[in-house]
Structure formats: structure tokens, C-alpha cells
Amino acid sequence: MISLRNVDKWYGQFHTLKKCSVDVSRGEVLVICGPSGSGKSTLVKCVNGLESFQAGEIIVDGVSVGALGTDMPKLRARIGMVFQSFELYPHMSVLDNICLAQEKVLNRSRGDAEERARGLLERVGLAEHEKKLPSQLSGGQQQRVAIARALAMDPIAMLFDEPTSALDPEMINEVLEVMVQLAQDGMTMMVVTHEMGFARKVADRVIFMDQGEIVEDADKDAFFTAPSSDRAKTFLSRILAHI
Amino acid sequence: MEYNWDWSILVQEPYLWWLITGTGWTLAVSAAAWCIAVVLGTLIGIARTLPNRFVAGIATAYTELFRNVPLLVQLFLWYFVAPEILPAPMGHWIKRDLPLPEFATAVVGLGLYTAARVSIQVRAGIQSLRRGLAMAGYAQGMTVAQVYRHILLPVAFRVVIPPFTTEFLTVFKNSSLALTIGVLELTAQSGQISEYSFHSFEAFTAATAIYILITMTVAAAMSLVERRLPAVA
Numbered sequence: 071m072i073s074l075r076n077v078d079k080w081y082g083q084f085h086t087l088k089k090c091s092v093d094v095s096r097g098e099v100l101v102i103c104g105p106s107g108s109g110k111s112t113l114v115k116c117v118n119g120l121e122s123f124q125a126g127e128i129i130v131d132g133v134s135v136g137a138l139g140t141d142m143p144k145l146r147a148r149i150g151m152v153f154q155s156f157e158l159y160p161h162m163s164v165l166d167n168i169c170l171a172q173e174k175v176l177n178r179s180r181g182d183a184e185e186r187a188r189g190l191l192e193r194v195g196l197a198e199h200e201k202k203l204p205s206q207l208s209g210g211q212q213q214r215v216a217i218a219r220a221l222a223m224d225p226i227a228m229l230f231d232e233p234t235s236a237l238d239p240e241m242i243n244e245v246l247e248v249m250v251q252l253a254q255d256g257m258t259m260m261v262v263t264h265e266m267g268f269a270r271k272v273a274d275r276v277i278f279m280d281q282g283e284i285v286e287d288a289d290k291d292a293f294f295t296a297p298s299s300d301r302a303k304t305f306l307s308r309i310l311a312h313i
Numbered sequence: 155m156e157y158n159w160d161w162s163i164l165v166q167e168p169y170l171w172w173l174i175t176g177t178g179w180t181l182a183v184s185a186a187a188w189c190i191a192v193v194l195g196t197l198i199g200i201a202r203t204l205p206n207r208f209v210a211g212i213a214t215a216y217t218e219l220f221r222n223v224p225l226l227v228q229l230f231l232w233y234f235v236a237p238e239i240l241p242a243p244m245g246h247w248i249k250r251d252l253p254l255p256e257f258a259t260a261v262v263g264l265g266l267y268t269a270a271r272v273s274i275q276v277r278a279g280i281q282s283l284r285r286g287l288a289m290a291g292y293a294q295g296m297t298v299a300q301v302y303r304h305i306l307l308p309v310a311f312r313v314v315i316p317p318f319t320t321e322f323l324t325v326f327k328n329s330s331l332a333l334t335i336g337v338l339e340l341t342a343q344s345g346q347i348s349e350y351s352f353h354s355f356e357a358f359t360a361a362t363a364i365y366i367l368i369t370m371t372v373a374a375a376m377s378l379v380e381r382r383l384p385a386v387a
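If you read the sequences in order, they're chains A and B.
According to the numbering used here, the first sequence is numbered sequentially starting from 71.
According to the numbering used here, the second sequence is numbered sequentially starting from 155.
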């Protein structure tokens, strides 16, 4: 469903992504890990064209990302994205946050949009909070609203860019639980995260990035038990040392 | 100093009427110029944040041109020079048929000047927002116009309410320069009262009091508006 072929990206002189190739098939959950600055976030933002890339090709559901003649807004509307710092629309209630793009992009009626929004708020456990502003919610609640907002567009895939990195420890699980549920329901997901517990539980595959390169691309079990590269071994031993 | 204070002249005819009409013209010039300034200034402010360099460049040029020429010079240029250098039919129309020529010129001159200042506030307001906010909109499939219309502008306008209030007060006070091209606004009428009655102190004290009363009312109203709106920062 999502296919990256030899994607190269430079920020000026800095080579952010080096010949990155990876495939995600329908219903698959891919976890992307690696040290900060390794290009993980940039990689997922390239998938829906929020970041441009200079060489290579990204195909999402048969459509070439960033190609001449590709209707990027239309493509983006079909890919859900969840950001590290939530990025809820601060001037709108929770309900309006979830309805806005449904109405403006998908041209749903207000009634339909609200019905969908309420169903999703129920699903992420925030049904009583629909009238609140984002600033009145905790970080974990805001991130769950952000997930509901993305799901409201009925996406064919979901991208998560470190969804729990900005959260207090006690709120991480409430967000991960929603994501686990989503994975078990068969959503296609690309997840940048340091939560190895989450990766162990629901990932199908794990890729490890370092300095813009995909160093390791393995099944979950292979990745955790026998990583083939030294850099992945070192990384794993460091972050798993405390568990 | 020998001076015969007589506050009663302020309520005598025709002086009271002059103060009232003067205040009316001051409000009319300010309000009309403010409308031009907000609409145009917002468009230019937005243009300056767009990735298109050509559009952003033109907008920046506008801002720099209009904010760096003294307002009084701009008013004179619009009133005395523009009708002469415009194509003849347009120039004639301005000189012969433009209704309320002094008022119209003052409104246009003041509006275009203030638009440059407003554009700076709008641009700053938009740029003060987290980049991720626009990204969230784009990620949901919104177009550039939709992201501005539904996300960036509503949030940015809340951010710029305090500087906007200041800009309106500036327009309101700058409207006194309209007297130089013949608009009989509050300052002009006070001068006239002073010349006819020789009671300069009373006349200009009245003008001062009216200016302060209106500016403080506006400032109070705007801070009320600001408190009523949800915080976005």
C-alpha cells in the first residue's frame, strides 16, 4: 500500500534521507525507531508530502507522492497523521476539531460529521469532552482527540510521528491503548516511536534508522532477538537496558 | 496671564454643533480608513507569509513604501499630485465629480498607509503560530486557502487583537491630519472655534477630552473582547 523507493532528501548540505526503501502492505504495522536526528520523522512526513524529497519515489495506494499532476490535498485527506505535539486547532472545541476537515474536505453535512465525531470520541474514551477546548484537556486526552480527528477522515493508512514523546509518563498508556486497538482492527500504520513495548505488542515489522539510512528492516521477532547490524544492537541494548 | 475662562462657549451655537460634526467626521474618516486598512492589510500580511516569492516580494514592497513615507506627504500626494498624474479622464473625474473629495482622499490616504502597518501585525501574528498547526490542516487534505481561512487566520487574529487595538487608536488620532486637505474633523473644528471665539484653551481642551474619551472607550471594549475569546496561546 505504501512503497518508498530510493528516497533521497537533503536539507541544504545535510543528507537527511539516504536511499530509503521500505514497503508497508495493507493492514501491516511498521514501527520506525532509531536515535534522534536519524530521519524517522522526516521519513513519515515524506509519505504524505508534508516534507518534499529530491530523488526516489513514494507510492501510496497507486498514487505517486509529490509527482506533477498528483492532487496532494486529495491524497493527504486519505492518510491520517498524528503529530508529536498534537496540533489540535486551539480556537475550536473538541467536536469542531474533528468535524472541520470532514465538512470542508470531504463535504460531509454537519450532522454526519458530528455523528462520526461522536462515535470516535466514544471509541477513544472522551465522549463527555466534546464541548471543551483543547487547552482544557490533558496531553493524553489531546492526543486521543488528534487520533479521532485523523480517523474521522476514514484514512486508508495512519502515520504516527512520535505520538507519545511529548506526554507525561502516566498518560502514555492511554494513547498507546488506542493505537493498539487500532492496529488490532487492521489499520495500516507507520509509527515512529521509542515505545518498544508497543512495538513488541503490535508491530509486524520494525525498521531501524541511523543518520538517514534504513539500517535494519526486519520482522518484529527477528529485530528484537537477533538484529543483524551492530548499530541496531547497540541501540537496542541501550534502550532496553532499563526495562 | 490674563485669560477669561468661559466654558459655556462649548455649548453655545454654533460651536456645539461644530464640535459634534467635527467628532462625526473624525469617526467617519477613522472608521472608513480602518476598514480599508484591515481588509488590505490582512491580504498583504497573508501574502507576505506565502511561499510564492513573487507575491511575497510585491507585498513587502507595498509595506516598505507606505510605511516609510510620512503620512502627511502621502495625503498631499493623493490630494494634489495623484489627480494630475493619473490618466486625464480619471483625473478630471476626481477633480470634478468625486463626491466629498477631501473626505474620500483622506480615507484612501490614511487607509493605504495604515494597511502597511496592519500587514506587519498580521504577518507577525501568523508567523507566531506553531508550524505544526498549518501542517495538521494540510495533513487532513485542506488546501492553502482553507488552512488560512479556518485555522491560521482565526488563531492569528486572536493573537493580534492588542496590536490591532493600538493600530486603530493610531488611525483615529492620525485622522486629525485630514484637516490639512480640508476635512472639517474634530481638530479642524476646534481650531475654528478658537479663531471665532478666541477661547483656544476651551476649544482644544474639549477636543482633547473627546479624543481621550473615544480612545479609552475603544481600548476598554477591545480588552473585553479579548477576555471573552478563548485563549489560543
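Incorrect hints may appear among the rest.
To be verified - Calculated pairs, SDA-like style, for lysine to any residue (alpha carbon to alpha carbon, straight line, at most 25 Å):
no.: 1; chain 1: A; residue 1: Lys202; chain 2: B; residue 2: Leu283
no.: 2; chain 1: A; residue 1: Lys202; chain 2: B; residue 2: Met289
no.: 3; chain 1: A; residue 1: Lys144; chain 2: B; residue 2: Met289
no.: 4; chain 1: A; residue 1: Lys174; chain 2: B; residue 2: Leu225
no.: 5; chain 1: A; residue 1: Lys174; chain 2: B; residue 2: Tyr292
no.: 6; chain 1: A; residue 1: Lys202; chain 2: B; residue 2: Tyr292
no.: 7; chain 1: A; residue 1: Lys174; chain 2: B; residue 2: Pro384
no.: 8; chain 1: A; residue 1: Lys202; chain 2: B; residue 2: His304
no.: 9; chain 1: A; residue 1: Lys202; chain 2: B; residue 2: Lys327
no.: 10; chain 1: A; residue 1: Lys201; chain 2: B; residue 2: Asn206
no.: 11; chain 1: A; residue 1: Lys174; chain 2: B; residue 2: Leu383
no.: 12; chain 1: A; residue 1: Lys201; chain 2: B; residue 2: Lys327
no.: 13; chain 1: A; residue 1: Lys201; chain 2: B; residue 2: Leu383
no.: 14; chain 1: A; residue 1: Lys202; chain 2: B; residue 2: Leu287
no.: 15; chain 1: A; residue 1: Lys201; chain 2: B; residue 2: Leu170
no.: 16; chain 1: A; residue 1: Lys202; chain 2: B; residue 2: Arg381
no.: 17; chain 1: A; residue 1: Lys201; chain 2: B; residue 2: Arg303
no.: 18; chain 1: A; residue 1: Lys202; chain 2: B; residue 2: Asn206
no.: 19; chain 1: A; residue 1: Lys144; chain 2: B; residue 2: Arg381
no.: 20; chain 1: A; residue 1: Lys201; chain 2: B; residue 2: Ser351
no.: 21; chain 1: A; residue 1: Lys202; chain 2: B; residue 2: Leu231
no.: 22; chain 1: B; residue 1: Lys327; chain 2: B; residue 2: Leu170
no.: 23; chain 1: A; residue 1: Lys202; chain 2: B; residue 2: Ser377
no.: 24; chain 1: A; residue 1: Lys144; chain 2: B; residue 2: Arg382
no.: 25; chain 1: A; residue 1: Lys144; chain 2: B; residue 2: Leu307
no.: 26; chain 1: A; residue 1: Lys202; chain 2: B; residue 2: Leu383
Unchecked claim - Label-pair restraints from in silico Cβ distances:
no.: 27; chain 1: A; residue 1: Ala236; chain 2: B; residue 2: Leu252; range: 57 to 63 Å
no.: 28; chain 1: B; residue 1: Pro241; chain 2: A; residue 2: Lys202; range: 57 to 63 Å
no.: 29; chain 1: B; residue 1: Pro384; chain 2: A; residue 2: Asp141; range: 32 to 38 Å
no.: 30; chain 1: A; residue 1: Arg180; chain 2: B; residue 2: Ile212; range: 55 to 61 Å
Everything labelled a hint here was simulated from the structure, so no lab data went into it.
Because the structure is a prediction, the values reported are computed rather than measured.
We put the CB at the ideal spot given by N, CA and C, even for glycine.
Taking the numbered hints from earlier one at a time, note which ones the structure violates and give those numbers from smallest to largest.
Structure breaks hints 4, 9, 10, 12, 15, 18, 19, 20, 21, 24, 30.
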